[in-house]
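Asks: Those sequence lines, one after another, are chains A and B.
Here the numbering used here is used: the first residue of the first sequence is 83, the next is one more, and so on.
Here the numbering used here is used: the first residue of the second sequence is 36, the next is one more, and so on.
Simulated from the structure, these hints should not be mistaken for lab results.
Hints may contain errors.
[Said to hold, decoys possible] With a cut-off of at most 30 Å between alpha-carbon atoms, the simulated DSSO-like pairs for lysine-lysine come out as follows:
| hint | chain 1 | residue 1 | chain 2 | residue 2 |
| --- | --- | --- | --- | --- |
| 1 | B | 292 | A | 280 |
| 2 | A | 280 | B | 118 |
| 3 | B | 145 | B | 93 |
| 4 | B | 98 | A | 280 |
| 5 | A | 280 | B | 110 |
[Claimed, not checked] Computed far set for chain B versus chain A, every beta-carbon distance over 12 Å:
| hint | residue |
| --- | --- |
| 6 | 103 |
| 7 | 123 |
| 8 | 204 |
| 9 | 261 |
| 10 | 271 |
| 11 | 275 |
| 12 | 297 |
C-beta atoms are modelled at their ideal positions from N, C-alpha and C, and glycine is treated no differently.
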Amino acid sequence: MTEYISLGQYVPMESFMHRLDPRVKIVSTLMLTIAVVSADSLLKLVLLITVLLVLGALSSIKMAEYWKGITPFVFMILITAIIKLFLVNGTSLVSVWFINITVEGLKSALMLSVRLILIIYAAQILLVTTSIVSLTDGLGMLLKPLELIRFPVHELVMIMTISLRFIPVLLNESQRIRWAQISRGINFQEGPVWERAKTYFAILVPLINASFQKANDLAEVMEARGYTAGKKRNRLNEFSLSRPDYIYLLVITIGLLGMTLNQANPGW
Amino acid sequence: MPIKAENVTYTYQAHEGYARPTLQEISFQIDDGEIVGIIGRAGAGKTTLLKLLNGLLKPDAGKIIVDEIESSAWKKNIQRLIKKVGLVWQFPEQQLFETSVYKELAFGLKSQRLDLGEEKKRIKEALGQVGLDYEQFHDRQPATLSSGEKRRLSIACFLALKPRYLLLDEALAGLDASGINLLMELLSRLNRQEGMGIIITGHNLGQLSMVCKRVMLLEEGKLLIDTPTAALAAYYRQLEERGFTLPVHQEVLYHLKTRGWDINTRVNDAKEAVQRIVNSL
C-alpha cells in the first residue's frame, strides 16, 4: 500500500496527454520551460498560462491535484520573490526606514513567482502523465546521438530510472520509520530545537541502513537476472510517433516560435 | 478499560478520486487482558487497523475508544495514547539506531521525563522481561546482537513504556522455530503476569493459536470472522477458501467429524483434542 505519494508521481489514467509519446512530452516541456523563462511581457506569460492550463485539462487530472504539488514550493517561491522585491532599484513605491520597495521590484517579483509556478506546473504535467520507465526510455532515445562521442547514455538513464523509482520507496520508508519511532515513545514535536534535531537521527540512521540494504538487494537481483552494465540492450516497448504526437509538437513549436519572434513591447 | 471500534472506515489518500477504503465499517471490542490474533491476506487492512488503534491514523468515519480516549481527540492525546498502546512494527529491529542497548531503551523514555533511577529501573525490568540480562547487555552495541536478540531488544523498547496493550504487526516474520516459541512464551507471560492486552497480526493460525484466545479474519477491509480460537473449526470452509489452515489439532477433529464421528470440534489445544478423541473411542 502506497502511503505517501511523492510530488509529481505518475498517475495512470487514459488521457490525451498520457497517450503522447514521452519524447514529445519531454521536448515540449523543455520548450515551454525556455519560453516561460524568456517571456518578457505580461501578455506572453498570460498566453503561456493559458497553454499550460489547456495541457493540464488535457491530462484529465484536477487542477487541485496540481496545486498540491506546487504548494511545497510556495515557501521557496516566496523567499525568492521577497529577495527580488527588495533588491531591484527604480521608482519608489513604498519607503519605510531602510526598506524601499520599487515599482520595478514589485513587477519583477511577481513575474518571477509566476515563472517559477509555471515551470513547476509544466514539470508536473510531464511527470504525472508519463511513467518513470517511459520517461527514462524517452530520455535515453533523445540522448542516443551522444553515444557517438562515447557518452554513457544507457548508464545515465539506468541511474536516473533507479533514482526516480526509489524516491517514493524511500519516502514511504522514512514515513514508516517515523511512525515506528513515534510508536516507541519518541516525540518529534516537543523539546528544545537541538533535542528535536537529535531525534531525527532516529529516522536518519535506520533510513540510511535501509537504503544501503535496498541498493545491495537491487544490485544482486539485477545481476541474478543477467544485467550487465554497458552491454547493448533492446527495449520491451519501442516508441513510434503517431499523428497526435506530430500535431501536438507542431502546434507547440509554431506557437512558441511565434511568441519568440514577436517583438511586442516588453514590460507590462 | 477496553478498546472499542465502532463502524471504523479508513481510506489512504481519501481526497484522491481513485482511492478505495482500506477498512470498511469495522466494529469490535477488545477487553482488558485479552489476546487477539488478526489474520488476513496481504492488503486486507491488518496493519492499518493497528495504526488506527495506536493513534497514528485517525478514522475517516466511525470511532475508536482506547481507555476512554476517543479517536476524535487523538491529536491532543497522542503521547498519552502511545503510552497506553505500544505498536511493535514488522521487523522492529530495523528501527534500532543508538550506540548501546541502554541508550536505545532510554531514547523512547526521554519524553516521559523520568529521573535517572526510575529510567534505569524500567530499562532493567524491560530487558529482564524479554530475557536479556541487564549486566551482560546494557552496554552492548545493538548492531552486534544476533537477530533474535535484536527483535527482543526492540520489543523491550516498547515494554519500557509500560503499555496496557501491545500490538504486534507480523511479529513472527523472519523468526525461526525457537524464536517463535520464545516470543510466544514472552507474550503469554506478559499477558498472565502483567495483564497486558495483546493484539497480534499474522498468517499462520497454528502459530497464533499458541497464545490467542480469539481470532479475527479481515478481508478487503471488512471483518469477516470474529470467533474464539477454540471454535475456529466452525469456519473451516471460509478459512480454507482464503488459504488459511486450522491449527492441526482442530483440523484432525474437523475431519473426524466429517467422517461421521460424533465429536465436538471446539478445543483449545492438542492435549484437549487427544482427550476428546480418546473419550469418543
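Asks: Each hint: holds or not?
Replies: Results of checking the hints against the structure:
1. Taken as a hint, the residue 292 of chain B and residue 280 of chain A pair is broken in the structure, with Cα atoms around 61 Å apart against an allowance of 30 Å.
2. As the CA atoms of residue 280 of chain A and residue 118 of chain B are separated by approximately 21 Å, the hinted pair is consistent with the 30 Å bound.
3. Among the hinted pairs, residue 145 of chain B with residue 93 of chain B is consistent with the structure: their alpha-carbon atoms are about 25 Å apart, no more than 30 Å.
4. A distance of roughly 35 Å separates the Cα atoms of residue 98 of chain B and residue 280 of chain A; the hinted pair therefore is violated under the 30 Å criterion.
5. For the suggested pair residue 280 of chain A and residue 110 of chain B, the alpha carbons sit about 23 Å apart, so the restraint of at most 30 Å is met.
6. Here residue 103 of chain B stays apart from chain A, with its beta-carbon at least about 20 Å from theirs, past the 12 Å limit.
7. For residue 123 of chain B, the condition that its CB be more than 12 Å from all CB atoms of chain A is violated, with the nearest at approximately 8 Å.
8. Distance check on residue 204 of chain B: its Cβ comes as close as 10 Å (rounded) to a Cβ of chain A, failing to clear the 12 Å threshold; non-interface status is violated.
9. Listed as a non-interface residue, residue 261 of chain B keeps its Cβ farther than 12 Å from every Cβ of chain A; the least gap is roughly 23 Å.
10. Distance check for residue 271 of chain B against chain A: the nearest CB is about 30 Å away, which clears 12 Å, and the non-interface claim stands.
11. The claim that residue 275 of chain B is not at the interface with chain A holds, since no C-beta of that chain comes within 12 Å of its own (minimum 26 Å).
12. Remark: the non-interface label on residue 297 of chain B is consistent with the geometry, its nearest Cβ contact in chain A lying 46 Å away (cut-off 12 Å).
The structure is inconsistent with the numbered hints 1, 4, 7 and 8, although it conforms to all the rest.
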